[in-house]
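Once you have looked at the hints, place chain B with the ligands on chain A.
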Amino acid sequence: MTEVQPIQVIKGNTAAAVAAKLCRVKYIPAYPITPQTTIIEEIASMIAKKEMDANMVNMESEHSVFSAALGSSMTGARTFTATSGQGLFYAHEVLHAIAHFRQPIVICNVGRPSIPWNIWADQSDSLSQRDTGWLQFYGESSQEILDSIIQGYKIAEKLSLPVMVVSDAFYQSHTSENVNVPEQELVDSYLPQRKISENTIQVESPKSFGGLVPPEIYDRFNKLHWEAMNIAEEETIQAGKEFSKIFGREYGAVEAVNINQNTKTILVALSTITTTIRGVLAKYPEVGLLKIRLFRPFPVISITEIMKSVSPECRMITIDRNYMGEKEGCVHQEMKRALYGKNFPIYDVYAGVGGKDVPPETIERIINFDFGQNVDPVWIDI
Amino acid sequence: MTNNFYIEQEMMYSGSLGCRGCGWSMMVRYISDIFGEDTVYVVPACCFSIIAGPYPMNALKNNIVHSLFAASAATASGVRAGLDAQGKNKTQVVVLAGDGGTFDIGLQALSGAAVRNENIVYICNNNGAYMNTGIQSSSATPMGAVTTTEPSVHFKKNNPKDLMAIIKAHQVPYSATASLAFLEDYRMKLQMAKKHYGFRFLMVDGICPPGHKIEPEDAIKVARLAVNSNAFPLFEIVEGKNKINHRPENPIPVTEYLRLQGRFKHLFSTNGNRDNRNSEILEDIQRNVDERWIELGGNIFNI
Ligand SMILES: Cc1ncc(C[n+]2csc(CCOP(=O)(O)OP(=O)(O)O)c2C)c(N)n1
Ligand SMILES: [Mg+2]
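In the order they appear, the protein sequences are chains A and B. If you count by my numbering, then the first sequence holds residues 68 to 449, one letter each, in order. If you count by my numbering, then the second sequence holds residues 276 to 578, one letter each, in order.
Chain A with its partners taken away, still in its complex shape (with noise of 0.2 Å):
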């Protein structure tokens, strides 16, 4: 760490608008949505005092709000906006554009789940867009929000891909918590001005972007996204060394506390949830964390890594605060994929769907259910 920086009390959503702000962010179009709307607030207020210079618009919906998103990304200007649930599942035409359109364009998403009307946190919406070619970072702490939209455009703009960085309803994004906000030049240094590409507009260079490819060629494009895709969880890796070298703080694709060979049972969770486990942890000590902070693309690499040092009968539970429509979470489903070929018996939580408090003792009930031979997903405290 080079020197102490100062320490704010800040809610989840002012870290994210605060890092915006420190990525020298030119131009937000926003959509109000609850919890998201005071990241869209607090950056007004912090443009209207002139304590930030960009543009910010109010625009007619989520789908114009992601569009124009694309369309300012495309001349190369830096570009955010923050959204939540029912305004991610309008933007998803756009979110696939904007992947495939390849433009770093880094989002917060506050997560809620669809209908019928809630607004509390839930990684249905984000998770259910897994598909569409973003890079998604799960945040545990304000403190990770703000680093890690800093972090995420300069990855994103290293692979030419769009980030989200997700933050969990209410838990996060209003709770206050200690902050250490870093100087601006630091930031600065950590991430230059953005550069051009082949995939932003050049006047002087005219070209056509999206227009229709036949069936002969249409799979190279896929082909390059797939490139990015995988080396981003080593990008990530390396972005956050680099992070920690100027603001040292680490971070990693994931993140294992108490894995070893004497470890019983792994719980595999994210955002706030794990927060809670780590608090658990002290009572148990053969039970390990481990957290999905990278989740797209998955961080298989990282995962085989730390699992090599677990003994085979250790339990993995994923805890998982989404519903898919599928038997199994998303967190199961992509973990026994990562966890393909091993023998660990696995089991899957259905944990905090639409915003349910997940205490201490869930996470006790969790480590000291008995599944038995029962291979179906539990859903706990319903």
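If you're looking for bench data, these hints aren't it; they were derived computationally from the structure. The reader is advised that the hints may include incorrect statements.
Cβ-to-Cβ under 10 Å is the rule here; a few derived chain A residues that face chain B [claimed, not checked]:
| # | residue |
| --- | --- |
| 1 | Ile110 |
| 2 | Ile114 |
| 3 | Ala115 |
| 4 | Lys116 |
| 5 | Glu118 |
| 6 | Met123 |
| 7 | Ser128 |
| 8 | Gly154 |
| 9 | Tyr157 |
To give an idea of the interface, some chain B residues facing chain A are shown, with a C-beta separation under 10 Å as derived from the structure [as the list claims (entries may be wrong)]:
| # | residue |
| --- | --- |
| 10 | Ile326 |
| 11 | Tyr330 |
| 12 | Asn333 |
| 13 | Gly375 |
| 14 | Ser412 |
| 15 | Ser413 |
| 16 | Pro426 |
| 17 | Val428 |
The structure displayed is predicted, hence computed values, not measured ones. Glycine included, each C-beta is placed from N, C-alpha and C at the ideal position.
Chain B with the ligands alone, transformed into the frame defined by chain A:
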């Protein structure tokens, strides 16, 4: 046609979740009274989605379909078609939407339903901002107003969309504006909407004490000033012709209407005088009100 103010058949339960002085509850009480039992409501995301009651409650003695935000007019078109397919042609289908859900995100579906002349009633509670999410600007937000996305010196700089002109361009059978401060007129328009067949549109001046920064007890007074200053004229459009329903004898200056609302406070300095820049904005607002009034009346004289 009865022209009293009274609710004849109460279709709304007491204890709904509106803020004090909220226009939504009052507006819907009259709608549901006049439209009665044989009605299905379609409600996109808006304050009324909350006021109508969280699960398992329902503030109305009717069916409510909570639709997606952009989709109320399309969802209502489907409900209409489904009812018709089962011979339930008499059942009314009524959309209750906010200005954001009408002027902005719902405009495409609204335009589609209007141009198909779907046999539905679309009622917009125009409170001039996204209130459910906490007062963000919509394209119905009036010039000069402060919102959380257009704060302080960044207050709304352009005029709201003229939605009634857009509706008129769709040549629908019946459309009108209405105000909760003019209940006879409002009830008459609900009756007219009920009586017509095809796409019917009503825009009600939406009262919102927290959003407009007014005292709840001033809500109706402010709504009356909106009409009497011509900021919110009362008119109907029948067969392509405007018909003004209320002509203030001496329209009051629009400043009298704006002054009572905290969202315009910055346009008036603390001692009641205005500085130059603000007086230009106020003049702009007055000019726009006058121009639109003449436009409306102009059509009338052409009849
Ligand atoms: C696609 C989508 N985007 C955003 C939202 C969030 N949202 C719910 S209600 C609302 C505000 C509604 O404003 P308006 O239509 O004017 O009705 P009011 O709340 O003022 O009555 C917003 C932005 C949503 N539900 N769906
Ligand atoms: Mg509104």
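Hints versus structure:
1. A distance limit of 10 Å between C-beta atoms decides the matter here; for Ile110/A the minimum to chain B is near 9 Å, and the interface restraint holds.
2. Using the Cβ-Cβ criterion of 10 Å, the hint placing Ile114/A at the interface with chain B is satisfied: the shortest such distance is roughly 7 Å.
3. Taken as an interface hint, Ala115/A checks out: its beta carbon lies about 5 Å from the nearest beta carbon of chain B, inside 10 Å.
4. Among the interface hints, the one on Lys116/A holds; its C-beta lies about 8 Å from the nearest C-beta in chain B, closer than the 10 Å criterion.
5. The closest approach between the C-beta of Glu118/A and any C-beta of chain B is roughly 12 Å, which is over the 10 Å cut-off, so the hint fails.
6. The beta carbon of Met123/A comes within 7 Å of a beta carbon in chain B, closer than 10 Å, and the hint placing it at the interface holds.
7. The criterion of a C-beta within 10 Å of any C-beta in chain B is met by Ser128/A, whose closest approach is roughly 4 Å, and the hint holds.
8. For Gly154/A, the interface hint holds, the least distance from its beta-carbon to any beta-carbon of chain B being 9 Å, beneath 10 Å.
9. Checking Tyr157/A against chain B by beta carbon gives a least distance of about 7 Å; that is within 10 Å, so the hint holds.
10. Hint on Ile326/B is violated. Least Cβ distance to chain A is approximately 13 Å, over the 10 Å limit.
11. Interface restraint check: Tyr330/B against chain A, minimum CB-CB distance 6 Å, threshold 10 Å, status holds.
12. Checking Asn333/B against chain A by beta carbon gives a least distance of about 13 Å; that is not within 10 Å, so the hint is violated.
13. For Gly375/B, the suggested interface contact is upheld, since its CB lies about 8 Å from the closest CB of chain A, less than 10 Å.
14. Of the supplied interface hints, the one on Ser412/B holds, with its beta-carbon coming within about 5 Å of a beta-carbon of chain A, less than 10 Å.
15. Given the 10 Å rule on beta carbons, the hint for Ser413/B holds: about 8 Å separates it from the nearest Cβ of chain A.
16. This hint holds: Pro426/B has a C-beta 5 Å from the nearest C-beta of chain A, less than the 10 Å allowed.
17. Given hint, Val428/B at the interface with chain A, holds; its Cβ is 6 Å from that chain's nearest Cβ, closer than 10 Å.
Of the hints listed earlier, those the structure fails to meet are numbers 5, 10 and 12, in rising order.
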